[in-house]
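Student: Top to bottom, those sequences are chains A and B. Taking the working numbering, the leading residue of the first sequence gets 2, the next gets one more, and so forth. Taking the working numbering, the leading residue of the second sequence gets 5, the next gets one more, and so forth.
One or more hints might be untrue.
Computed cross-link-like contacts, EDC-like style, restricted to lysine to aspartate or glutamate with a CA-CA straight-line distance of at most 20 Å [to be verified]: (1) A:Lys747 <-> B:Asp31; (2) A:Lys437 <-> A:Asp774; (3) B:Lys138 <-> A:Asp520.
Source of the hints: derived by calculation from the structure; they are not laboratory data.
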Amino acid sequence: MELPRLHIVDAPPNDLPERMVSRDAALWIGTLDRASEAVVRSASVLADLPWTMVLVEESSKAVCNAIAATQARQFERIRGHKIPVAGATTDLSFPTRSVPVFFLNGREDAVEVEQRPEALGNRSRAFRRASMFDALVRGGARILVVLPGAADSLSELLGDVVEEMRPQVVALAHTAAQEAVLREWSERRPGPTSVTVCRGDLAALVRQIAQSIEQRLPSDRLILRIRDPRSGSTRSLDCTDSTSVDSPVLDDFTVLEERHLASVADDALSPEQIDGFFARSGDEAADSYWRPFAAGLPWERDNGDANKKLLATLASLHVASDVDVKTLVVDSEPGAGGTTAARALALSAARQGYPTLVARIASGQPNADIVSAFMHAVGKFARDQWRVEASTNAPSSDATPNVDSAAPFPWLVVFDVEHWQGREEQLPRFIQILRKYGHRAVLLLVREVSARTPLPVRSVRVFAEPLSHEMREADVERLGRHINRFLEPVGRAQDLDRWHAFWRDNSLIPEPGTMGVPDRVASFWVALEFWLRKQLNLGESIQRWLYTRFVEATYRGKLLSSDARLAVLMIAAMSTERVHLPEQLLPATGADQDPLSAQLEEAARLVPALGLVKRKSSTGHSWGIAHVPLARHLLEATSEDPTALQELHLDQATGSVRLRLHLLGLVAQSPAMAQDRFRELAIRFAQSILKLDRTGHQEFARYWRDVFNALFAVPDVLWNVSRAFNHHVAISRRRVAVDDELFPDKSAAEKLRLLEDAVADLEYAVSIDGEDDDEGDLNLLNSLARACQDLASVLESMGGDAARIAALRGRELDCLHQAEHLNPSNSFVLETAARSLLVRAKTEPQNAASNACAALQKISVARRLESADERKRRLDGLTERAYEVLARVSTAELSSLRSTNPAIAAMVAAWLLLRGDVARGEAAIADSPGPNVDAAISELEAIPSKHRDWPLNRLLYDLIALQYPADFERQLRVVQTLEGTPAMQLQLRLERAILLYQTGAFDRGKREFDDVRFALRDSEAIIDVPRRLAWYFKPGTVERANCDGRVVRPPPSWNKHAIEVAQLGNTVVVFDPLDFGHQSLPIGNQRKCMVGFNYRGPYAVPPAQDRR
Amino acid sequence: MERRSTHTPFSGTGPARESRVARYARDIGWSIGRRNLLVEGTTDVALLELAAACHERVTKEQLLGDDLKVVAAGYGEMGGVGAVERRFMTIHELGLLDRELPKKDRIRLLPLFDDDDAGRATFRSITQQRHPFKSYVDVFMLKRRYPAVRPGSPSFADGLREINRDWEGMDCEMEDLLGRGLINAYCDEHAGTLKRAPLIKGAGHHHEWTSDGKAGLHRYAREHAILDDVADLVRLLKYVRWIFDLPNGHSG
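Please model the complete structure; the sequences and the hints are all you need to start from.
Tutor: Rendered as structure tokens:
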């Protein structure tokens, strides 16, 4: 039965304050009675509340000023600042945390003519109004509160917005005529979702709303617990004044404040807080979200070892000078508690005084600049406080007033799976920015165990074993007792027998022999939520239970519409990708239906089984399913229901994988995807969600044509303007063309087309100007070189046009040269260059040996740079191919080479020696047995210096560094011969700088470091100090030198402490007094120290025995 | 530049619903069925087939056939640990593609490594966290006994350790599952076939054979073995059948 849509009440609707706090309601103020002070006052109080936006018909100076003014600062923590706008809004964007106040008819007191009521004419006035209403519709508010003047036509207002927006309308202070209009509108379709008419006194209504919101206000202070680096004790610091209320970091991160950290007793949690904890449905910034954590509700699975590891890592950053940003990882199966564990660790670290930022769910791509700015503001504020205290308390001789008196303290930044999954390659850049601004931080990342793309940075696992849905029977009782502590006080404890029974029902014993491909979705921890809420019975399959709830879900008394069910499935498909679906990308509904957002809200409320959650994100509201296993169960069950598939027009999507693919395609082709605000999401479709390669979704490989067709349906604007989008689609095309194991079912014509199109896409991408954060030239050129290389090979194998093949080979070399110029030490470029050399080894038999040696050299460097297995495997395959070429060099050819080209002959002999006994296909120089390396060195050194070319010397340098890591003189001699050759890249220059220091040429070493730092500013190269060069050694030994340092005034350009080191020829190097256990050290103070090197230069730390 | 249209939809009816794992196995020369035990080499296959034949003669029960095959994977010939990893990763990736097939069409492969230096190194390497393979779910090590607990259940590891406690540190190869009576008879008749004195603990034993000695043992077993001599091999096959939920299986 259809439920009534008109409600007449005396008080404001119960859910209004909550919806306002979650920034889901907009306010329209009509033409007020200017003479009535009470009405104007009420309007101004009302306009001060946390609306998502305010629209005002009134244009008089007095009323406009009253409405634009801030009455109560406490609301700023939720809504940010009010931003009055009296002109057209089309080119404006607003901070997420702000309230645009749109004067629909301009302002009488405006100076600019286009902002005045008369504007520039009818057209301008109409345009201004239309742009403001457009902003209202696009803003995504679900509730529109109207405060009409007596003469206002609500019909006109509703006509302007209702059809598109279909909001819940709440009317305050209205006439009988207006009520009649509202009554009539409530039944119209398309019309408002519901109409609530509040008949109470306006002032009283406004007061009630304001009071309800005040009760929900978080504290307006930002009080952090920070560990004092001097004493090691923790203290609370009110940092409110260090940051702005509209700081974007507060939108994307929850800052763990003092108020979150207080202990909470077991019996102090409400049933709602317990449910919210399991359902992950609460507002992450709210105190109530963190109360279950503060009470200790998360079950600690490893006796606190992970916590100890995290705290030790944070503590190490207090004293370390060489590493400033470390990455820790929580590995977890989907839905097995990775998020919860990471947040429990976050709370623990914050309690220990490490300021902690927790990235919010659905907050989008992490932005290092805003994180850095926030850290900088808080850090500076805290250090200023301490400096004042230090100068007040400490004796004057121990102070160095010109020097920043404390190093940055370590932060913890916690990310969930969704923040980096599919964006892993951007993590080094994030870290680089934090480093660039001198922050010390631990990044704690939750990662899915099945994540195929490796992290491109060094990381350490905090849990010894990944968090999983498996549990030992012995642990069940421990878990039951633990959770019962919190359930007992709310009358929901389960006896231990039932805990065991639940465990037996929901423990998924993996089927053997599946080669790591589980058959079923594990969901012990997710099922636990519903069992504890007494919604799921013992013995019931969670998938069947969930699907039944889904099929029976209703909206306004009727079964959920097909559109809404399809939307839930689209949300589920996106949730399996760890992406929340923005509301604007949901399909449009028919005129007879309420907006999907309204239907989904009700489904979320009435059918908790679905785990539907709505989040505020930078692009508006977005929808997700709280636990990935729920999304998977839903898709699996739907794919097995032919009736549902037919009803939803999904019958062509046979099987759960194809269904998921089809649903993702529906999202990708949404016209709204063309909007700028969804650019990043659109690119993610090409970059990760629909990526076809071995690090992407292998299960989509069978349907590669469907995947491309889905990508082709993405709005044209992406294809036309985005380099990254074209690039990633081209990568997929190339992979499908060349990988015959994963993609065996393709015709020769399709293979050719895939490569031709990849080249065309990449040529186009290179030709357009990318936006600031778009794909750079380096990657595009490298991919284009690869695509040309593969296309030429395929054409060759098909007997294609020789001129075309030659042109492609020429283009390949051209792109490679450009890429190598941009960054010669990029491992992908090195790999492509090695492939190119191997192709040439085949096509130019006379140069086969030299090309294979050069290829091996490049592979060897690339392999050293790589930690990812998949990449290593590919490089090993190349190594194998190179050795096959060398193996074909006969003894006779080799002896002939010795006279015609002794350098090449020596390199062939050296590489064959290096291969030695190393297992097939895994040759890396470092794995070669020592005697073989020695023999290879002898082969190379047997060539007189004047006959050695640079590839030989480069190989010789690598071998000497490996075999004689402390023979710096010898290494330097070889490296100097590389000056002016293509080998002398930034990495080698860095090593030369350190070798100069190690061999006593301190001034030259310093100059070389200066040059390297300067060159790095314009380079994409990533360089690193090899382990053998990390410390300054006593000359002629492998013992770290204990040096004599004297604190000196830092050079003018330094914002750091400086120490002059006698053993380094009185070179001045940086140091951190905290490493020496002091807040600051006076000029002239003498210290024993050791000297280490990082890519910026030398630095001093206390001798090993003195280090804390 | 003017862009060339590159997004004309692909037509095509989609791929055949054939198992990609099966196709790959065929390409690399493995003759597989729906459920398969992958052992080191052909001699291991021969021993298990011998055991199955002895068992069938006496009991009329089939342990190997269309429902379960023993396949010589040739780990040793693949080219080192890295090559085994690469091959298994490829199979894993193709297994992901097969998830779309009806369950009855999905291939099951259970790699079994000898409990010797090479086998242990490979087992350790491919069950590292960076790989998707779980020990005693996706890959097995040859043991003299297995606990009567479902592999993959949390108590399996403890059970396995406990039941093999007597033979801790003692290698186990397929020949070590032949009965001691048969082996003793062979040694008595063929001197000089052992590299060193056998290790014997309780009911378990381990012999290091010369290569001729091992070949001779296989011949000898083919000619002389009766069901008692292959009881442990039969136990292994029944155990594999049990974990694959096949008839005539037994939990050990």
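Student: Does each hint hold? Answer for all of them.
Tutor: A quick look at each hint next to the structure:
1. A:Lys747 <-> B:Asp31: Distance ~17 Å between Lys747 of chain A and Asp31 of chain B Cα, so the pair holds.
2. A:Lys437 <-> A:Asp774: holds (18 Å)
3. B:Lys138 <-> A:Asp520: holds (14 Å)
Figure legend: structure checked against the earlier numbered hints; every hint is met.
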